[in-house]
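Student: The listed protein sequences derive, respectively, from chains A and B. With positions in the first sequence counted from 1, the corresponding number in this note's numbering is that position plus 1. With positions in the second sequence counted from 1, the corresponding number in this note's numbering is that position plus 36.
Errors might be hidden in some of the hints.
Claimed, not checked - Not the full set, but computed from the structure, chain A residues with beta-carbon under 7 angstroms of chain B:
| hint | residue |
| --- | --- |
| 1 | F11 |
| 2 | E42 |
| 3 | G43 |
| 4 | P44 |
| 5 | L46 |
| 6 | H76 |
| 7 | N99 |
| 8 | L100 |
| 9 | K104 |
Simulated from the structure, these hints should not be mistaken for lab results. Think of the CB as a built atom: it goes at the ideal place given N, C-alpha and C, for glycine as much as any other residue.
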Amino acid sequence: TQLLEQSPQFLSIQEGENLTVYCNSSSVFSSLQWYRQEPGEGPVLLVTVVTGGEVKKLKRLTFQFGDARKDSSLHITAAQPGDTGLYLCAGRGGSQGNLIFGKGTKLSVKP
Amino acid sequence: KAGVTQTPRYLIKTRGQQVTLSCSPISGHRSVSWYQQTPGQGLQFLFEYFSETQRNKGNFPGRFSGRQFSNSRSEMNVSTLELGDSALYLCASSLGTGGMNTEAFFGQGTRLTVV
Chain A
2 TQLLEQSPQF LSIQEGENLT VYCNSSSVFS SLQWYRQEPG EGPVLLVTVV
52 TGGEVKKLKR LTFQFGDARK DSSLHITAAQ PGDTGLYLCA GRGGSQGNLI
102 FGKGTKLSVK P
Chain B
37 KAGVTQTPRY LIKTRGQQVT LSCSPISGHR SVSWYQQTPG QGLQFLFEYF
87 SETQRNKGNF PGRFSGRQFS NSRSEMNVST LELGDSALYL CASSLGTGGM
137 NTEAFFGQGT RLTVV
């Protein structure tokens with residue numbers, strides 16, 4: 002069974018700080034996606050990484066896919082209260098390629 | 037372009053009842069997947085439909101079922117509701133399915149509470 006482990010589970014920081022969250026697996030994924038979810042809403046897709054070693058930037062967010070395509074990280078620079086939410090990583094796995102999700106990192110950015 | 041629409045947004049049901057949730061995917065998307073989200077278990081895959089056929093199924097009991105119509109709209113049904121079925125049910129639509137590495141777009145979810 003392919004699993005995605007996310008760490009840390011919870012993160013509470015002050016506005017302006019930097020942070021990194023991790024998504025790790027013992028399995029290889031053909032691609033990984035990152036989502037942000039706000040309470041009571043569905044996850045919103047932030048980025049998809051496909052190539053091992055790939056780095057993608059989305060304003061203050063930097064996403065990296067590991068060389069072996071087993072792990073990924075999300076780095077946020079100068080966090081803002083609007084970054085608060087649940088960050089989920091997901092990869093296509095299983096015998097028929099359904100999306101498998103990590104349990105997420107709950108980020109709280111205090112003003 | 038309209039997003040994924042799930043109805044209803046909120047639902048309260050009694051143990052033993054059944055419930056049907058609806059999902060309208062993004063226009064042109066033919067794949068619909070359903071997930072159950074709870075605080076303890078996170079997002080768990082229920083099933084995926086593509087062109088009216090169930091392509092994949094997660095590890096949920098037979099009380100959970102679904103279907104997809106010719107216009108790609110999908111419904112999921114839960115029979116004989118249990119307290120543990122209380123969760124946020126999310127629907128996601130994609131252009132394709134499986135190994136096509138297609139991105140999933142989620143609806144706002146249906147919050148089901150079983151009392």
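Student: Does each hint hold? Answer for all of them.
Tutor: Cross-check of the supplied hints:
The interface hint given for F11/A is violated, since its Cβ lies 12 angstroms from the closest Cβ of chain B, which is over the 7 angstroms cut-off. For E42/A, the interface hint holds, the least distance from its beta-carbon to any beta-carbon of chain B being 5 angstroms, beneath 7 angstroms. At about 3 angstroms, the closest approach between the beta carbon of G43/A and any beta carbon in chain B falls short of 7 angstroms, and the interface hint on this residue holds. Interface hint status for P44/A: upheld, as the beta-carbon distance to the closest one in chain B is roughly 5 angstroms, under 7 angstroms.
The interface hint given for L46/A is met, as the beta carbon of that residue sits about 6 angstroms from the closest beta carbon of chain B, less than 7 angstroms. With a cut of 7 angstroms, the hint placing H76/A at the interface with chain B is violated, because the nearest CB-to-CB distance is about 21 angstroms. Of the supplied interface hints, the one on N99/A holds, with its beta-carbon coming within about 5 angstroms of a beta-carbon of chain B, less than 7 angstroms. The criterion of a C-beta within 7 angstroms of any C-beta in chain B is met by L100/A, whose closest approach is roughly 6 angstroms, and the hint holds.
Because the smallest distance between the Cβ of K104/A and any Cβ of chain B comes to about 4 angstroms, under 7 angstroms, the interface hint for this residue holds.
The structure fails hints 1, 6 (numbered hints given earlier, in ascending order).
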